[in-house]
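There are 4 protein chains.
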Amino acid sequence: MSRIPVTILGATGTVGQRFVRRLARHPSFEIAHLTASERKAGMRYADACDWRLEGESWAGLGDRVLELCDPGRAFSPIVFSALDCEVALSVEPAFARAGSLVFSNASAFRMEEDIPLIVPELNADHLELLAFQRRKRGWTGGIVCNPNCTTVVLLGALGPLHRAFGAQAVFAVSMQALSGAGYPGVSSIDATANVVPFIRGEEDKVETEARKILGLLGPEGIAEAGIEISASCNRVPVLEGHTIAASMRLTGSPSPADLVAALEAFVPDTAGLGLYSAPGLFLQVRREADRPQPRRDVEEDGGMRIQVGRVRSCPILGSKLVVLGHNTERGAAGASVLNAELALSRGMV
Amino acid sequence: MSRIPVTILGATGTVGQRFVRRLARHPSFEIAHLTASERKAGMRYADACDWRLEGESWAGLGDRVLELCDPGRAFSPIVFSALDCEVALSVEPAFARAGSLVFSNASAFRMEEDIPLIVPELNADHLELLAFQRRKRGWTGGIVCNPNCTTVVLLGALGPLHRAFGAQAVFAVSMQALSGAGYPGVSSIDATANVVPFIRGEEDKVETEARKILGLLGPEGIAEAGIEISASCNRVPVLEGHTIAASMRLTGSPSPADLVAALEAFVPDTAGLGLYSAPGLFLQVRREADRPQPRRDVEEDGGMRIQVGRVRSCPILGSKLVVLGHNTERGAAGASVLNAELALSRGMV
Amino acid sequence: MSRIPVTILGATGTVGQRFVRRLARHPSFEIAHLTASERKAGMRYADACDWRLEGESWAGLGDRVLELCDPGRAFSPIVFSALDCEVALSVEPAFARAGSLVFSNASAFRMEEDIPLIVPELNADHLELLAFQRRKRGWTGGIVCNPNCTTVVLLGALGPLHRAFGAQAVFAVSMQALSGAGYPGVSSIDATANVVPFIRGEEDKVETEARKILGLLGPEGIAEAGIEISASCNRVPVLEGHTIAASMRLTGSPSPADLVAALEAFVPDTAGLGLYSAPGLFLQVRREADRPQPRRDVEEDGGMRIQVGRVRSCPILGSKLVVLGHNTERGAAGASVLNAELALSRGMV
Amino acid sequence: MSRIPVTILGATGTVGQRFVRRLARHPSFEIAHLTASERKAGMRYADACDWRLEGESWAGLGDRVLELCDPGRAFSPIVFSALDCEVALSVEPAFARAGSLVFSNASAFRMEEDIPLIVPELNADHLELLAFQRRKRGWTGGIVCNPNCTTVVLLGALGPLHRAFGAQAVFAVSMQALSGAGYPGVSSIDATANVVPFIRGEEDKVETEARKILGLLGPEGIAEAGIEISASCNRVPVLEGHTIAASMRLTGSPSPADLVAALEAFVPDTAGLGLYSAPGLFLQVRREADRPQPRRDVEEDGGMRIQVGRVRSCPILGSKLVVLGHNTERGAAGASVLNAELALSRGMV
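Chains as they are written, first to last, in this note's numbering: chain A, 137 to 485; chain B, 137 to 485; chain C, 137 to 485; chain D, 137 to 485.
Hints are computed from structural coordinates only; laboratory data are not their basis.
You may find that some hints are simply not true.
To be verified - Derived contacts from chain C toward chain D, CB cut-off under 10 Å, selection only: (1) Arg-336; (2) Lys-456; (3) Val-458.
Claimed, not checked - Below, simulated BS3-like cross-link-like pairs (lysine-lysine); rule was C-alpha separation at most 30 Å, straight line: (4) A:Lys-272 to A:Lys-341; (5) D:Lys-272 to D:Lys-341; (6) C:Lys-341 to C:Lys-272; (7) B:Lys-272 to B:Lys-341; (8) A:Lys-176 to D:Lys-176; (9) B:Lys-176 to C:Lys-272.
Quick reminder that beta carbons are idealized off the backbone N, C-alpha and C, glycines included.
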């Protein structure tokens, strides 16, 4: 079977590089175009891009010539977008209009009512919004978003628990990795031996995106889940992996043992689909007193596994736990690719 | 006026060293004895102790000979204890029985009903428990404790707000400095570029100590404050300074502006006493979006100032903020010394 | 073909864990015994050992019961030793006497004239010392050492250049990873945002071991290479990988281009042997201006590849470069295992 | 006596901020103008500048309005320049022409034959070049430079030893702090748990500047010192303080004890001048096995003290040691201010 040509928008940044690495040897997709800003278009990928990842530099594509972010030049049926929010606002619709299905890591369209915001294991059915989106916008393609990197980590625990018990309120205090800010991102002068207790826009994203993802898809679109969420986002000197200390009020006041059982019994929407980028294990509950830890645990299953630990009682909301996930794989590049694989498995490509 | 002789128990550890540095030139106290474990007793302080602080090594006391932790050898009317909990259990009562007033940083006796657990700015009146303690235990001296380092940082914000509004429930997620574990403490293999989401015993200490300190002293002793507290404690790669992301339910649902006004209007119990180690400013509310930060801010006022930032609304509990304090000064050595100054100013020494 | 039973001495430490991970699925060796100190002997491996590595915990051997470091209990024809120097002094000879061939990472016997100190790519022929050793000591087994972790990294560049040109003098300033000190090793209080310009015993090891390894084996034993070596060893806050800034005086004053050519043309003694743990590439010369870097590059080829960069002229000694290697693989566990594979391929086991 | 008005060029950067903090309460100088780039000129200092230092924000000058880097707007008899090299190339001469004496931290003019490159303790007499400079360039003011931050740290040890013995050759491998790259400078993604073995242009600066500074001023200008210098410069995750591992060939092969004696007997050129920013002790020889360490030691004497440790024999060049200095004080802001104080004390202002 021949592979589907794909375009990577913004291929030189850190998320873009992760797209390239994930897609360079993908069984269903084939990189047809790498795009970059006007300043870099026309350059060899190896010349334009300081490769920041482990493994083969430029994933063997160093000789590819970068193209403009323009569907007239770089059209593919499937597009992965690692663009900044502002650029995404104009470029992603241009591709969608031209017929591409855009899998976007940008925040630009996530909260639009007709844009699916997908975590494949949790709300695969929300992909159905695409039909509505196409009607509404007159596009032949479309845009499918993955959530913010902190949102998806929180949802790794919250989603299964909400499904099992119904969640009413959630506190989430994040300790976020430096890579979440891109490259060069956070200055080493700010990061070294320090905590920065603020990440612009992040708390709002977590609070709103989670409700949409856990919402129910009905004939009127998505009815957001009625969960109160309070997020506090902090930057800590960690390279990869967002750690979240969370407390939750769940219906029926389940015990910690109930939570562990529910988390371990959770069956993701993707079960049995054989999606290539899906982790062997979506959700792991750790028993050690002091795990998960980002530096030690975050790379499990190519960064696509969510890990929960310290499940215990909370004197205020009832349940308390720690959840860890990989912010630039599970929360960015891997998320978009998994969304595309889901769409493909549903025959939407 | 002549200075009061004091003994420092456990002078070679990191808190012990801070005691030595704070007391070497103190206007009211004069270091009479430095003690250490049997293994080190008899050695010169400079030989037994790897000095880990800035400033003059051994605070100029490198030639002092270390003594045993025994009131028969190292008695002083005032004693500062940097002992580990287990050792404190036997040594501190021995000194109290011998007539010393022991200001202890250990957790051994903090939650005993007759032991004052003091943050001078917040519950100076709890010192009155001493009379009860002496009657009950038949001691001529006594033990006065300061709280756990995380508790005192949280209380820096919670205490004034509880006094202004009445607190009902508090979430506290700490990001704690490495120095809180002493020396050598946390292995660099665990700490580097990592978060360890667990500190043994810490969450329980925060939850129980805070209620005692904010309790009311009555004829029956202290009636603990009826505040629900949920703590989650994490170790992050920071050298000094515990940062806490906190949310609170306060009576009357005050606005963030109300909170800031109350925090800035707070008058500590120590106002006007001229205590030598009291900070110029007990509590600072910062307006910058991304402060306080431990590495940049924690040393203000010799580490004795508490700093609050990001005062904002919480969708669940009503109020949300960040609070920072110095764990080994405000939360350890400086705390004990300030307690002693308070006792002295009240004529209890 | 059946696999040879092996014993791992000191299986719970960080090097011991790396031995376990490397040998758990080795094609030629089969772990028969895991040993530990008296305090831990009798415990399950999983209970006695805090697993610190990525990948499957305890490499699947968590249920193995730890044994004493005693050939009467834990004999195997091949033994890997991750013991501390002092313990190694008595335990390793006991196994050698009992007939085991001990591949040791300890420094205890490295400089003994009859003990082969091996980097398989550089001085495979020194294994012949074993015959001399057995005669001299009356052992049926023997001891084979790998060098100190800093020595082997330096030799990765120096060895090939010495063979190509003859080295006369070498400056080596190391920036060494925290893992080199074991676990818990360096306190995070010392390591964080700091350089410690001293590592006990390290400079002497580098200066003496390198001369032995590059020496010529003759009928009288090894004639040490007549190279002046000056080492300065520093600890920096890096997790894995020793980086060395080196300058060398080579015979004939070769140009930087000559050096690069010689490094890339180097044929290791192990070429064609198909040793299982040998790296795909023993020695890589990097062209980027700012590589190799430990965090980014050290894991290449399972940590067994040496990487050289910044080959340039030195105004004093003629040649200057940077060399990087993995201190706990290429410099410890991987080194011993590769030595054993070499001995096996030579029919010495 | 009234204070001399001064202008700070580039007041918003990290070195500029250190100038402001040093000069805000200086006994001889009074800040008359703060300048910035066109984009920031006209703004309040507090609005244009994210204050990155400890102590009072903006040193109390937050309300000052930033001016253009133009002598027509911001003339003072004394000017401190924290400009980038390229901007300095045109701006510094403009001020010198207008009559200002410019004390520059930029590298733009350091190696010009008529520009004094000064470390006050070592070559105060080189200030005499100013007369030659004025004649040659027709300026009424002038430019006085301080060296690169790594050069000055090396010279703190090398200068006194050269004076005592005569230096012939010097190896210097630096482990440099992040702050040396300015703000935002090094990305935290590059810096965290890593070594970057390259700093653009740095090695060349160290090798050339040191020879000029240690040169002899004669009627023909400066005859550079005939010392071979080989520098290797590395970035390590340290906040402030460059640590250098150095080896030296000194005439007469002095012993380590001779070196220590010479270092401790060194009398700086500034002795007795009472310069306000001069350290209490210019040069300290440390006896501890593992000091100096940047995080623990670098702030001594306001960052103006040089610290030497580990003085020992070198098998190749004869002498080996470690030297530490503060790169943004002794190597930048403090250096320029001390140069100005020296010029003032010599009646050259």
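Which hint numbers does the structure go against, in order from smallest to largest?
9
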